[in-house]
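K.L.:
Below are the chains, spelled out letter by letter.
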Amino acid sequence: MENTYLIKTEKLVKVYPMGQQSLVALDGIDLAFTEGEFAGLVGPSGSGKTTLLNIIGSLDVPTSGSAMTMGKKIEELSHQEAAELRNKHIGFIFQTFNLLPVYNVFENVEFPLLLLEYTASERKRAVMESLERVHLQDRWKSKPSQLSGGQSQRVAIARAIVKKPAIVLADEPTANLDAENSHNVLRIMENLNRDLGTTFLFSTHDEKVIGYLRRKISLIDGKAAKDEKITDALKGSN
Amino acid sequence: MIKFILKGIFRDRSRSLFPIIVVIGGVMLSVVLYSWMKGFEKDIVRANANFRSGHLIIMSKAYSGNSDQMPNDLAYIGCSDLIGDLNNEHPGIIWQPRIRFAGLIDVPDENGETMSQGPIVGLGADLISPSTIEPDVLNLNGAIVSGGLPLKAGEMLITDELAQRLNIKPGQTATIITTTMYGSLTTFNMVVCGTIRFGIAAMDRGLVIADIGDIRRGLDMNDAAGEIVGFFSNGSYLAERAESVAESFNMDNSGSGDDFAPVMYTLLEHSGLAATLKMYKSVSGVLISIFITAMSIVLWNAGLLGSIRRYGEFGIRLAIGESQGHLYRFLIAESTLIGLFGTIIGTAFGLLFSLYLQEVGINISSMLKNASIVISDVLRAQITPTSYIIGFVPGLAATLLGSSISGIGIYRRQTSQLTKEFEA
Ligand SMILES: Nc1ncnc2c1ncn2[C@@H]1O[C@H](COP(=O)(O)OP(=O)(O)OP(=O)(O)O)[C@@H](O)[C@H]1O
Ligand SMILES: [Mg+2]
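Which chain is which? The protein sequence lines are A and B, in order. Here this note's numbering is used: position 90 in the first sequence is 91, and no number is missing along the way. Here this note's numbering is used: position 14 in the second sequence is 24, and no number is missing along the way.
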């Protein structure tokens with residue numbers, strides 16, 4: 002049944018006009034993801050990873066074919082509906098940490114809840130719980146400029162999961178982190194996936210990230226070349 | 011959400027400082043300009059009321075047709091009865107007879123030969139009866155340069171400029187040469203008791219002021235007056251009240267068809283100020299719109315620059331799930347708050363400066379040396395209730411206009427583009 006998929010794409014094509022020519026960034030992607038997956042799009046630079054995440058996350062629209070997220074056809078959504086879908090169901094984590102610099106840690110994590118019109122006490126509880134999950138409950142007053150890269154990315158994770166979204170889309174979340182911080186952040190995300198059942202979809206070419214994935218989709222030139230399940234047995238040998 | 015916006019404004023100075031400064035400056039200028047125009051307006055109204063038209067003025071119908079020429083042969087006769095009636099009917103208004111005339115002043119030497127002579131405009135007003143308000147209305151105490159006010163019959167004030175030209179000092183006697191009400195030449199002697207300066211160039215040139223009793227005797231105008239002026243006892247002009255008083259007075263006196271029947275005019279009618287004030291209103295309207303436009307353009311550009319710097323922020327927020335409409339409204343709310351702060355601060359500064367202008371004023375007499383216009387030589391402002399709110403028009407309109415234009419960029423851009431810009 003289609004509804005058991007949180008994400009499903011069918012013959013998904015994205016073409017960017019490039020002057021006279023055009024550039025095919027995604028070339029017929031058929032993929033589906035269910036609840037609780039910890040999956041990654043892996044591939045060389047320019048293979049279309051970010052483009053695919055953006056379409057799934059309703060930041061962009063397909064040129065043809067279809068993308069369905071949480072039962073909504075992305076290509077049919079208005080700006081308003083797309084924003085609502087992101088607001089309610091999707092958390093984004095980016096390569097650069099993208100915290101709002103004028104606001105402190107607490108306020109950054111709080112922002113999605115303001116949009117969802119949580120009450121002040123609901124916000125406080127959810128924000129502190131979220132910060133605890135990324136081990137930053139003591140830094141809630143800090144400004145983004147006072148945090149290390151790893152801490153910043155953990156705040157971004159806390160912000161992505163504070164509303165308990167069904168899906169977290171993480172575009173090269175470790176690209177700006179050293180090895181220790183990368184593992185730190187990945188372990189946190191693994192825990193969240195286990196504890197909350199949140200579906201994680203990564204885009205990466207970082208071997209460290211790949212080591213944590215339970216499903217690895219290889220993108221090459223806008224096509225899904227390989228789609229592999231990685232069992233725990235295999236991971237253990239890593 | 012408002013709290014969230016406020017935190018953003020206060021913590022990110024580059025977001026708010028420049029727009030706030032622009033708004034403060036523009037609002038301050040608007041408030042000062044408005045108050046100054048009001049002060050100027052009040053000055054003009056007061057000068058015209060006190061020296062020319064009163065708040066209300068009564069003349070004979072015939073006199074009123076040519077009042078500029080001071081045709082005393084057409085003056086109203088029977089002032090005391092008329093004033094008695096008026097006092098009964100309108101207790102809140104004080105009525106004063108005045109006579110204006112043109113003539114010559116002649117200063118003799120020890121032998122009685124003419125030493126110097128000059129043209130004058132004369133004003134006869136009640137200066138010495140105990141209950142008179144005329145010395146206050148004409149601001150004679152403030153205008154005295156040397157000598158003092160007339161205390162008894164036979165004394166007159168002349169402007170300091172005229173005294174210097176004629177080389178005459180208080181205590182000396184001069185002869186007034188003019189015509190009586192009945193057209194015959196007349197001369198009478200008066201003692202100069204003091205010299206005056208009003209700071210109104212057109213009046214300072216050659217004015218002579220004496221008690222109306224002396225003038226009536228000199229011009230053979232027993233119980234007659236060219237004009238009877240009325241002043242509201244609270245001192246300020248009440249347009250609606252004046253109109254209704256004049257209307258009912260004219261209704262009561264229109265029956266006779268007599269050329270010497272009295273006619274009453276309001277200050278605005280008689281002085282022609284109505285048109286001036288109307289022009290004033292439109293000029294201030296135009297000035298305010300120029301301010302709004304100029305400030306909007308500046309703020310719009312500031313908004314555009316700010317948005318370019320903030321594309322990263324916008325991208326994150328859109329990714330988090332804020333809709334473009336919400337973000338747009340957020341920016342407008344943000345600039346409205348900035349506009350509000352700027353307006354409040356700008357209004358406060360503007361009022362302070364206006365208060366200074368109102369209480370102290372700026373003397374521009376050196377710039378008016380040769381002017382012949384009837385304006386006072388101290389720039390003054392008048393703070394009215396509108397002074398407190400006038401700044402909100404340019405302050406808020408400009409920020410709203412500026413941000414609503416610059417914020418449109420949010421809609422123009424692809425969401426995915428915005429998120430990409432902060433990755434670069
Ligand atoms: N807005 C755009 N206009 C034109 N071309 C674009 C645009 N966005 C992406 N592309 C192109 O589409 C292709 C896929 O880009 P995409 O960003 O999805 O790659 P990626 O796999 O995320 O690469 P990387 O690993 O470098 O992040 C690239 O060739 C890129 O140049
Ligand atoms: Mg990418």
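It is worth saying that the hints were derived from the structure and are not from the lab. There could be a bad hint or two in this list.
Pulled a few chain B residues facing chain A out of the computed Cβ check, cut under 7 Å [stated by the list, open to error]:
id	residue
1	Ile19
2	Arg62
3	Met80
4	Pro81
5	Asp83
6	Ala271
7	Ile326
8	Gly331
9	Ser333
10	Gln334
Keeping only pairs whose Cα atoms sit at most 20 Å apart, straight-line, the calculated SDA-like set for lysine to any residue is [unchecked claim]:
id	chain 1	residue 1	chain 2	residue 2
11	B	Lys17	A	Ser46
12	A	Lys144	B	Lys13
13	A	Lys125	B	Lys13
14	A	Lys89	B	His336
15	A	Lys142	B	His336
16	B	Lys13	A	Asn105
Model, not experiment: these values are computed from the prediction. Just so you know, even glycine gets a beta-carbon here, dropped at the ideal spot from N, CA and C.
K.L.:
Taking each numbered hint in turn, which are not upheld by the structure, reported in ascending numerical order?
P.N.:
1, 2, 3, 4, 5, 6, 11 and 15
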